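Listed here are the chains, written in short residue letters.
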Amino acid sequence: MSDIRFETPATAEAAVALLAGATGTAKLLAGGTDLLIQMRGGMVEPALLVSVKNIAEMNMIATHAGEFRIGASMSCMALIENADFVAAWPGVIDAVKLIGSVQVKGRASVGGNVCNASPAADSVPALIAAGARAVIAGPDGRRELAVEQLGIGPGRNALARGEIVTSFILPRRPARSGDAYLRFTPRTEMDIAVVGVGVNITLDERGVCCAARVGLGAVAERALLVPEAAAALVGTAVDDAALARLAGAASAACRPIDDKRGTKAFRIKVAGVLARRAAEIAKQRALEAS
Amino acid sequence: MPPAQPARVVLTTGFSQRHTGGVKEFSVEPGTLRGVIKAMDARFPGLGDILEEETTVAIDGEIHEVVYSQPIRPGCEVFFLPKIESG
Amino acid sequence: MAKHHVTTTINGNPVEYLCETRQTLLEVLRDELDMTGTKEGCGTGDCGACSVTLDGRLVCSCLVLGVEAAGKAVGTIEGMAEGGGLHVLQRKFLEHAALQCGICTPGFLVAARSLLEANPDPSEEEVRYWLAGNLCRCTGYQKIIEAVLDAAREMREA
Amino acid sequence: MLTRTKDEEKTLKVVGTRPVRPDGEPKVTGLAQYGADFSLPGMLWAKILRSPHAHARIRAIDASRALALPGVKAVITGADFMEQPFEYVGPERVAVNYWHMTRNIMAREKALYEGHAVAAVAAVSPAVAAAALKLIDVDYEVLPHVIDVDAAMAPDAPLLFEDMITRGVEPAPTRPSNVSKQIDFRLGDADAAFAAADEVVEMSFKTAPVHQGYIEPHACLARIGADGQGELWSASQGHFVVRAYTAKLLGMEIGNLLVHPAEIGGGFGGKTVIYVEPVAAMLSRKTGHPVKIMMSREDVFRATGPTSGASMTVRIGVKKDGRIVAARGVFRFQAGAFPGSPVMNACMCAFAPYDIANVHTTGYDVVCNRPKAAAYRAPGSPISAFAVESVLDVLAGKIGMDPLALRLKNAARTGTQTAYGPKHAHDGYAETVEALMKHPAYKLPLGRNQGRGVASGYWFNGGGESAATVHINEDGSVVIATGSMDIGGSRASMAMMAAETLGVPYEKVRSTVADTGSVGYNHVTGGSRVTYATGIAVVDACRKIIDDLRGRAAQIWDVNPSGVVWEEGHARPASAEVGDFAPLSLKAIAAKRAVTGGPIVAEAAVNAGGMAPGFATQFCDVEVDPETGAVKILRFVAAQDVGRAIHPSYVEGQIQGAVAQGIGWALNEEYIYDKNGRLSNAGFLDYRIPVASDLPSFDVVMVAVPNPNHPFGVKGVGEVGIVPPMAAIANAIQQATGTRMTELPMSPPRLLAALDSAEGA
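Chains as they are written, first to last, in this note's numbering: chain A, 1 to 290; chain B, 1 to 87; chain C, 1 to 158; chain D, 1 to 761.
Pulled out of the complex, with its shape left as it was, chain A reads as follows:
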């Protein structure tokens, strides 16, 4: 029974070097709220843990010309406490607030929530709707990838060996725009999404939707960007008819499974219901923003 090597590099490049050069299973440790449970259950038995808590850029939030850069391993609570970000991206905050209890959010990071590639991860549909991009550091330097392209299947992400996500970039929030995230869980807290929906819309001066993005979680092998659902809103006043088409499109995009948390039929129907409700909230926020 060998012990686990534990490293705390100060730069993303050093972390990448450690992960890329490791023999045996190497794991990045950010919040640890998923990894420690996997280790406890014997699903993962790493030879090397690389803590990224000492890497400044991964643990801070910065804003430039209205664009936010969120450190991938900053805790959810730290993000929730950032008033500027909360004001700009209430829908992303809706989602981040649902990532476990206060205790879990004190450790868990958005980067971990995304990179663990759970189809039910709360922050992902909201980030997809927000048009967020992941900044990736790797052995061959840095690149960016849209969040919807990061997850490729349950527990599987698009990162190559040695690559890590250092931060997420959220674009400048246009005028008259707003976002929202809703999920369904049997309990009010401490639960995993049975369905999660993120909606982000922009209205023109006349209150007509000129841009929209819709993200769906827990209804497929990965979180989905659903252009058909967005298309149902664009060009409309987000009225009942448009919302009904949105719901239909959201339900149509689902390819769920039956599992201990919900049935196919339930997920398909509720995806439409929550898409409609989330769009109504996003619209309200867009109107308040103007």
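Misleading hints may appear alongside valid ones.
[What the hints assert, rightly or not] Okay, derived cross-link-like pairs now, EDC-like style, lysine to aspartate or glutamate, Cα gap no bigger than 16 Å in a straight line:
(1) D/Lys423 to B/Asp60
(2) A/Lys264 to D/Asp756
(3) D/Lys398 to D/Asp321
(4) C/Lys3 to A/Asp3
(5) D/Lys632 to A/Glu189
(6) A/Lys260 to D/Asp674
(7) D/Lys632 to C/Glu125
(8) B/Lys83 to D/Glu465
(9) A/Lys260 to D/Asp686
(10) A/Lys97 to A/Glu189
(11) A/Lys53 to C/Asp55
(12) D/Lys423 to B/Glu77
(13) A/Lys97 to C/Glu126
(14) D/Lys248 to D/Glu83
(15) B/Lys83 to D/Glu92
(16) D/Lys675 to A/Asp258
(17) A/Lys53 to A/Glu7
(18) D/Lys675 to A/Asp259
(19) B/Lys24 to D/Asp184
(20) C/Lys3 to A/Glu7
(21) C/Lys3 to C/Glu16
[Unchecked claim] Beta-carbon label-pair distances, calculated as ranges:
(22) D/Tyr442 to A/Lys260: 31 to 39 Å
(23) D/Leu446 to A/Val208: 37 to 45 Å
(24) D/Leu69 to A/Thr11: 33 to 41 Å
Hints were generated in silico from the structure; no laboratory data involved.
Remember, predicted model here, so these are calculated numbers, not experimental data.
Cβ coordinates follow ideal geometry from the N, Cα and C atoms, glycine included.
Fit chains B, C and D to the known structure of chain A by using the hints.
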């Protein structure tokens, strides 16, 4: 002086089927529960131990653990039922 | 196997210990330091019985590695009563009979203290949501919520 | 035996107040020691290897690779435990079969459920013990398994025990089956009486097994010496029972095992039985070291007792005026891997709140490949009540009668014949119904998608064996020792009853829970019996102390003891003739302890009877989201006959906790098995007990119909509150949606599917 009115012993259907050939009711001398159990044991040898170990007794409905000194008044109902216990 | 030599601060006191990488802060507190006031209810961050603060932030000690506490400040239930007296929350839990078996109580107290530090005047709903990460099977939560609201009132008036 | 004074309405000084519990401070400072909090020098850590299969023959176990691992001190299997005779010992309702018990502690011929213990390791650290488990090679022959109770009763079902013949059937069946026992209770002639009914409703129901969900996993520390004597530190609901079971399985004399009561982190019935204690003790005996075992949360869900899931059919007939003329219930209960479900309670409690002339209940105790069922709060009663109280709601609708009025019309009262035998000897049920009829919220209007549901419940409540010792110290302070585990404030209620009896302030009395060597036998803290039975023992002991103190005062005054009375904590002359003496306080007499005869101590032991049953009636308001099937509890009003509350805060707490558990049972809690019979939600994330934000505050209505058989009128209050909620919520959902749910849990996917199919229909 006239003999005291007897007490009425009652058993559950299942218990009587197992131990008294299905007879559910008996009349016995009042006094104490010890006397009642001795009387039942005399009619069905071995029944006394079973009553002590496996039953709770309801005397005119009032539930009691089987304790010898329990007074049995003339005319009262002595109902032996499965012991009450739980979570 | 080589252990990590960790230097940290627990309840304001400097503490050093040896631990393996795989040992959680909960295991270190209970098994290495004999600080058994922090309880294990699940080991997976789902019950909050092992709640502690790490540099002032409320966390589940079962989801933190012992080695991660290096150079940080850990706060546990054992550090809650100041001097000879109980913390207001501890006193209110007793006055309101907010515990039955008491196994979840240390976690609730640590979590409630961090709530009142962040929000001295919470609504009942805010208390119920903040404490949703702490499971109690005995009380139905009602007397716990009442105790926390009463403690908040007294702390505001103090 | 002391005669019990009837509860004359004297003014009580301590009983009924809300003091701080004596054991409170250690529990808010983290100093209280629970099962996992004890350690000894040289202590080893043990872990248990569990079956990955729901049903498998164990061909062989090879521990050689594990024993070769440095730091491993011993490995044990079922073969290390002595064989036990196959016999059902003790009362039918709770019969113990040690042949079964030793096999549940550690599998022998077969593993009967996923998580069934098959071997255990003791090592120098938890990590080494965990690593050693992976090195134990078990050769399994996987067998077909059965999880569902109806499937287990099917003729072609896989058998857990190839030789099990159903008990309680005359003549005995010739074919073996998974049905361990059948029981029937009959009153009048139900089948015939249905003909006289104006309305008859028959419905079938299913409930899922639910776990007690105590937050403290089972844990213990054992030390067995070479001299054959041992000590055990264990968190249980009864350390005397832990001692008896553990000694029996290890072949020890009871007197050679001293059990220390750790604080217990919740039990609700699930800690009236043993799991890890004999394993730790056997490993200690084998290694000569103290051994500690802590279950993981996953182990708790996979290997300790939930209560039964059930399949039920209930038929009730009423007259137009609401009179119930006949009732029939068939209750099929999962026992889990070994016989012993609470189905008999279910049969006895099902119709107990009501005065019905013709009743027939039938129960089946059915084994299946799940962990053995253990007691859970009013075992059995909540399950049958879900069916009975749902059918009553349908009938109330059919005859257009208010559901509370229907229950009141049929309420059992003193003298009412029960279906299981004796007549009711106590009132209290009707009073709970009337309390809700008078409740202002019962008439409040409801909004869209909202509904109000009513249900009642019955529980026997327990009495039985308890002992208590009372000491008066030289400074006049008082110490009480009992052997009843304090699960939720009983130290406080014991101290309060003692203070009231002795006439001294509550603060003068300290109340402790003593080990098995320091106080007489106390049965488990269960069946809502402690404040009643152990309370009587405490009061009896205090009365003996008073007689002793009167005698000592008589010595001091040099008068006849009959001339001394005890009032308000002082000895006083009974009359002027006795003499003109200033009253002697407890402290003053205690100061003369030595010269008046030495230590002032009294013990009392009882096998308490005369306990009154628990009655509860509740209503709740819910709001259903018709698009998601989510149910929000808007209001919950719980009325219960509490006799008299010794410490009202802890009585309220029992009722609030019981209701919260019932809400979890109704809406979300269930065991989810995959096709291989493996539990897929063995954790608090997916086994969803209610969290604080799921619940509103409850309105507790304490109805007080004192029990004359207890010196302070106490009735057990711990359990009956969990009986009504499932039906109350189902009835409320029906009113909110028009859809009748007959299967628990009424989880969102299940409710939404029912709503949509109702729409489609």
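Here's how the hints hold up against the structure:
1. D/Lys423 to B/Asp60: holds, 7 Å
2. A/Lys264 to D/Asp756: holds, 14 Å
3. D/Lys398 to D/Asp321: Cα-Cα ~11 Å, so holds.
4. C/Lys3 to A/Asp3: holds, 8 Å
5. D/Lys632 to A/Glu189: holds, 13 Å
6. A/Lys260 to D/Asp674: holds, 9 Å
7. D/Lys632 to C/Glu125: holds, 14 Å
8. B/Lys83 to D/Glu465: Satisfied, since the Cα-Cα distance of roughly 13 Å is no more than 16 Å.
9. A/Lys260 to D/Asp686: holds, 8 Å
10. A/Lys97 to A/Glu189: holds, 10 Å
11. A/Lys53 to C/Asp55: Distance of about 13 Å is within 16 Å: holds.
12. D/Lys423 to B/Glu77: holds, 9 Å
13. A/Lys97 to C/Glu126: The hint holds at about 13 Å.
14. D/Lys248 to D/Glu83: holds, 11 Å
15. B/Lys83 to D/Glu92: holds, 7 Å
16. D/Lys675 to A/Asp258: Roughly 13 Å separates the two Cα atoms, so the pair holds.
17. A/Lys53 to A/Glu7: It holds: about 10 Å lies between the C-alpha atoms, which stays within 16 Å.
18. D/Lys675 to A/Asp259: holds, 12 Å
19. B/Lys24 to D/Asp184: holds, 15 Å
20. C/Lys3 to A/Glu7: holds, 13 Å
21. C/Lys3 to C/Glu16: Within the cut-off at roughly 12 Å; holds.
22. D/Tyr442 to A/Lys260: 31 to 39 Å: holds, 38 Å
23. D/Leu446 to A/Val208: 37 to 45 Å: Since the Cβ atoms of D/Leu446 and A/Val208 sit about 40 Å apart, the hinted range of 37 to 45 Å holds.
24. D/Leu69 to A/Thr11: 33 to 41 Å: holds, 40 Å
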